[in-house]
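Enquirer: Sequence:
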Amino acid sequence: MGTLVKLSNFVGNTFAIWVLLFAALAFFEPKAFTWITPYIVPLLGVVMFGMGLTLSANDFKEVFARPKEVLIGVIAQFLIMPLLAFLLATLLPVSPEVALGIILVGCCPGGTASNVMTYLAKGDTALSVAVTSVSTLLAPILTPSLILLLAGKWLSVSAGALFWSIVKVVLIPIILGLIVQMLFQKQVKAAIQILPLVSVLAIVAIVAAVVGQNQQAIAKTGVIIFLIVVVHNALGLLLGYWFAKLFKMSEPKQKAISIEVGMQNSGLGAALATAHFSPLAAVPSAIFSVWHNISGPIVATYFRKKSEKKESNQSTVTI
1 MGTLVKLSNF
11 VGNTFAIWVL
21 LFAALAFFEP
31 KAFTWITPYI
41 VPLLGVVMFG
51 MGLTLSANDF
61 KEVFARPKEV
71 LIGVIAQFLI
81 MPLLAFLLAT
91 LLPVSPEVAL
101 GIILVGCCPG
111 GTASNVMTYL
121 AKGDTALSVA
131 VTSVSTLLAP
141 ILTPSLILLL
151 AGKWLSVSAG
161 ALFWSIVKVV
171 LIPIILGLIV
181 QMLFQKQVKA
191 AIQILPLVSV
201 LAIVAIVAAV
211 VGQNQQAIAK
221 TGVIIFLIVV
231 VHNALGLLLG
241 YWFAKLFKMS
251 EPKQKAISIE
261 VGMQNSGLGA
271 ALATAHFSPL
281 AAVPSAIFSV
291 WHNISGPIVA
301 TYFRKKSEKK
311 ESNQSTVTI
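Residues 1 to 319 (our numbering) make up the sequence shown, in order.
Quick caveat, the hints were computed from the structure, so don't treat them as lab data. All C-beta atoms, glycine included, are put in the ideal place defined by N, C-alpha and C.
Under the rule of at most 27 Å between Cα atoms (straight-line distance), these lysine-lysine pairs were calculated in the DSS-like manner:
id : residue 1 : residue 2
1  : Lys-310   : Lys-248
2  : Lys-61    : Lys-186
3  : Lys-305   : Lys-245
4  : Lys-122   : Lys-248
5  : Lys-220   : Lys-31
6  : Lys-189   : Lys-61
7  : Lys-122   : Lys-189
8  : Lys-245   : Lys-309
9  : Lys-189   : Lys-168
10 : Lys-220   : Lys-153
11 : Lys-122   : Lys-61
Ranges between beta-carbon positions, derived for each pair:
id : residue 1 : residue 2 : range
12 : Met-182   : Ser-312   : 38 to 46 Å
13 : Ile-179   : Ala-65    : 21 to 29 Å
14 : Val-167   : Ala-65    : 23 to 31 Å
15 : Ser-95    : Gln-187   : 45 to 53 Å
16 : Ala-159   : Ile-75    : 14 to 22 Å
17 : Lys-31    : Gly-2     : 36 to 44 Å
18 : Arg-304   : Val-5     : 20 to 28 Å
19 : Ser-156   : Ser-312   : 52 to 60 Å
20 : Lys-220   : Ala-65    : 46 to 54 Å
The whole structure should be built from the sequences, with the hints applied where relevant.
Expert: In structure tokens form, the structure reads like this:
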């Protein structure tokens with residue numbers, strides 16, 4: 001068990017490398033990964049079940065302890081990224097499928113990786129976890145509604161079908177995870193240590209499947225989609241920070257909201273695109289998954305060093 005925990009920690013700490021590696025492998029050897037495509041939705045369900053196992057009563061107490069701050073984070077999440085996605089899809093020359101894919105990932109809730117990045121950035125981790133939890137639980141209603149509102153002009157969107165998909169792949173697995181955690185606390189406490197390994201394997205498999213299935217399309221339009229994803233992510237991080245600053249939140253909270261807004265649950269975007277739209281619509285989510293696992297650590301490092309410099313200057317002044 002100890003070896004498995006060490007492996008899990010190692011894989012979790014090198015997440016970005018594995019996503020990049022297998023995305024590249026899937027691009028050059030697509031047939032080796034396309035068989036995973038039918039399992040994208042169940043794989044995401046496994047990740048969400050794991051999220052349910054890690055949530056605690058304290059995470060929800062945080063929501064009630066400071067509802068205003070959590071509300072600001074949730075509003076920022078479902079306002080900034082969807083609107084940025086709509087603007088990018090409208091202003092840039094992309095196909096309807098790609099436009100839909102950009103909006104899909106923009107309308108998803110924050111990803112769980114944002115909590116780790118906030119911790120590394122010396123941000124308000126408790127706020128990050130609370131905002132992720134609330135935005136994820138609201139996703140069955142808000143994500144389909146926003147997709148219908150913003151993407152309807154490109155392709156036909158069934159908000160009802162999307163709602164049930166998100167309930168099945170997000171809400172039910174999280175609730176099951178919470179129930180299992182309450183009933184088997186000791187066993188879950190031990191199992192949680194290997195969760196990073198399971199989550200990384202699932203997300204890497206989803207990204208590899210999408211890349212393998214769309215290898216030819218990525219070869220033609222991948223650079224454009226990549227640039228859009230980079231701009232989308234960068235603006236999300238920046239505007240999330242400014243949004244929190246606008247409401248005069250403290251520096252740690254500004255970091256939390258910035259990272260929360262910039263890092264999406266791209267696995268959900270890929271699963272919805274695969275289940276309801278064309279395979280090409282899943283490509284922005286797959287590329288986003290690769291990119292935000294690179295940009296996230298970079299931003300977290302910048303924020304952490306900024307905090308350390310500030311602390312150093314304060315201690316110097318005190319002395």
